[in-house]
Amino acid sequence: MLLIRGGRVIDPQNGVDEQLSLFVKDGKIVDLFPDAGQHKHNLAGARIINAEGCLVVPGLIDMHVHLREPGHEYKETIETGCRAAAAGGFTSVACMPNTNPVNDNQAVTEYILDRAAKSGCVNVYPVGAITAGLKGDFLAPMGELREAGAVAVSDDGKTVKNSELMRRAMEYAKNFSLPVICHCEDMDLAGNGVMNEGCTSMRIGLKGIPNAAEDIIVAREVSLSGLTGCRVHIAHVSTKGSVDIIREAKSRGVNVTAETAPHYFTLSDESLETFDTHFK
Amino acid sequence: MPLRSKDLLTIEQLSVDEINLILDTADSMKEISSRDIKKVPTLRGKTVINLFYEPSTRTRTSFEIAGKRLSADVVNISTSSSSVSKGETLKDTGKNLQAMSPDLVVIRHSAAGAPKILADALPASIINAGDGAHQHPTQALLDAFTIREKKGTFEGLTVSIIGDISHSRVARSNVACLTRLGARVKVYGPFTMIPYFVEELGAAVAPSMEDAVADTDVIMMLRIQMERQSAFLFPSLREYSTFFGLNLERLKRAKKDVLIMHPGPVNRGVEIAPEVADGPYALILEQVANGVAVRMALLYLLIGK
Chain C
-2 MLLIRGGRVI
8 DPQNGVDEQL
18 SLFVKDGKIV
28 DLFPDAGQHK
38 HNLAGARIIN
48 AEGCLVVPGL
58 IDMHVHLREP
68 GHEYKETIET
78 GCRAAAAGGF
88 TSVACMPNTN
98 PVNDNQAVTE
108 YILDRAAKSG
118 CVNVYPVGAI
128 TAGLKGDFLA
138 PMGELREAGA
148 VAVSDDGKTV
158 KNSELMRRAM
168 EYAKNFSLPV
178 ICHCEDMDLA
188 GNGVMNEGCT
198 SMRIGLKGIP
208 NAAEDIIVAR
218 EVSLSGLTGC
228 RVHIAHVSTK
238 GSVDIIREAK
248 SRGVNVTAET
258 APHYFTLSDE
268 SLETFDTHFK
Chain G
2 MPLRSKDLLT
12 IEQLSVDEIN
22 LILDTADSMK
32 EISSRDIKKV
42 PTLRGKTVIN
52 LFYEPSTRTR
62 TSFEIAGKRL
72 SADVVNISTS
82 SSSVSKGETL
92 KDTGKNLQAM
102 SPDLVVIRHS
112 AAGAPKILAD
122 ALPASIINAG
132 DGAHQHPTQA
142 LLDAFTIREK
152 KGTFEGLTVS
162 IIGDISHSRV
172 ARSNVACLTR
182 LGARVKVYGP
192 FTMIPYFVEE
202 LGAAVAPSME
212 DAVADTDVIM
222 MLRIQMERQS
232 AFLFPSLREY
242 STFFGLNLER
252 LKRAKKDVLI
262 MHPGPVNRGV
272 EIAPEVADGP
282 YALILEQVAN
292 GVAVRMALLY
302 LLIGK
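Order-wise, the sequence lines are chains C and G. If you read the first sequence in my numbering, its first letter stands for residue -2, the second for the next number, and so on. If you read the second sequence in my numbering, its first letter stands for residue 2, the second for the next number, and so on.
Misleading hints may appear alongside valid ones.
Derived contacts from chain C toward chain G, CB cut-off under 10 Å, selection only [claimed, not checked]:
id	residue
1	ALA137
2	PHE173
3	ASP273
What the hints contain is simulated information worked out from the structure, not anything from laboratory work. Here a beta-carbon is modelled for each residue, glycine too, at the ideal position from N, C-alpha and C.
All chains, please: the whole structure from these sequences, using the hints.
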């Protein structure tokens, strides 16, 4: 038995957003009641969590994480990544394929799922690669990846440079109902830039990356989604230009969605004036 | 003249009556190939030239045998040993051939529209034996002939064409021919190989391989046209055969009396498993046999009177 007391309960599916207490029995929510109100439950032996000032929400889903395993276990493992997710209220995560080896085949997808079953405390959904080895040369075997358990494909961290290959990837992904998640960055334009190109980069002398580096590829992916009908998701949107392009495409019915990350709308490049690399 | 045009360039040019006339004529031609003496004098004194700019085994041999069984003089030109390799244009080659008074030229070319250029330039009849990814009308007619022999009618039939539709002249001609005759046609394959607007030809795109195989009366498998395509259309032959190949497991869900066809050449194990290609439902070699009869019919109808 568990009582979560006095939190702000948000449950979009049921249209709930109010101060409530929540009673859990045998792993199931059996009652929701106003914080100050009377209730019929015997709390003897129940664990009580004071949630005042907290949000109480259904398990959150992070569709863009890096669990780094296999290959980069010195940074993160499936076990530690899952625990971090759980600590933040996330009960499901979709992990990007830029591991070593790359998740571009059944064996790696199955390994991730196997490790998640053994050491992960949240649901893990692997994302397979768009191109073999994330190299941008040939399609990854998406059918095989889907059968093994991949839920989407992405070359996250890299843009698929060749536009014809990206078109074909979207067409081929449609055969297997896999959404294509796009990391949008014109690598030539971004070059070896390290921060937003603007007044701050000019002043502090660090090489900037123009917004156009993102906008150009977002426009391409949206255009290809319109051509192919493929379900496209734009990852970590960070520019106004991208938002405008995506909004306009959605208004035309293009099958595109997007995500962003907190630092893109809570911080600005001015934070970097101190050269504090936490902000990079 | 029993056909309206001196040439056969596309299926679209044919009326349903003309298609039926060709199939009916092929019916009576077929018997000739089963005789001990496989020759009739119908086209004696007529000259047929096979002008093949692309490799071919079945089609070229089929036209040659068809012409010879009707007593025509058949001349084969393969472009590797002709003036074409010295830089002569298609039109000039055609005019030079015309100067020797052939009655009919059969042409295969990698460029869509090549037979039309020849047909406009030459008084001789032209048969398109495949032009790029455009049309292969005699293949569609022999396929229709084969289906009609087995099923009797096209009304109510569904035909699935599976594989590389984008690069296939066989698919374009078959969709046109079968829909004209009253069959329903659907196509399936990697969506990298299904051209947009294919519905405009009258074909539906099947939602899945399972649907394409299970809910149909005829399955027509196409080979991947490696020579015509980009390197990005599918990840590997392994993926292709796993998800788009016809194997015994998939065939279990097909109708009991399904017909399996393939225009050849077959890439065994890729688009079709050997057990299926050699199995009881496969008509692949019957298609080849019927090809001779259909081409005899066409030669007769175009230059026989």
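Taking the hints in turn, this is what the structure says about them:
1. ALA137: The hint holds - ALA137 of chain C has a Cβ within 10 Å of chain G, the shortest such distance being about 6 Å.
2. PHE173: 8 Å, holds
3. ASP273: 43 Å, violated
Checked against the numbered hints given earlier, the structure breaks only hint 3 and satisfies all the rest.
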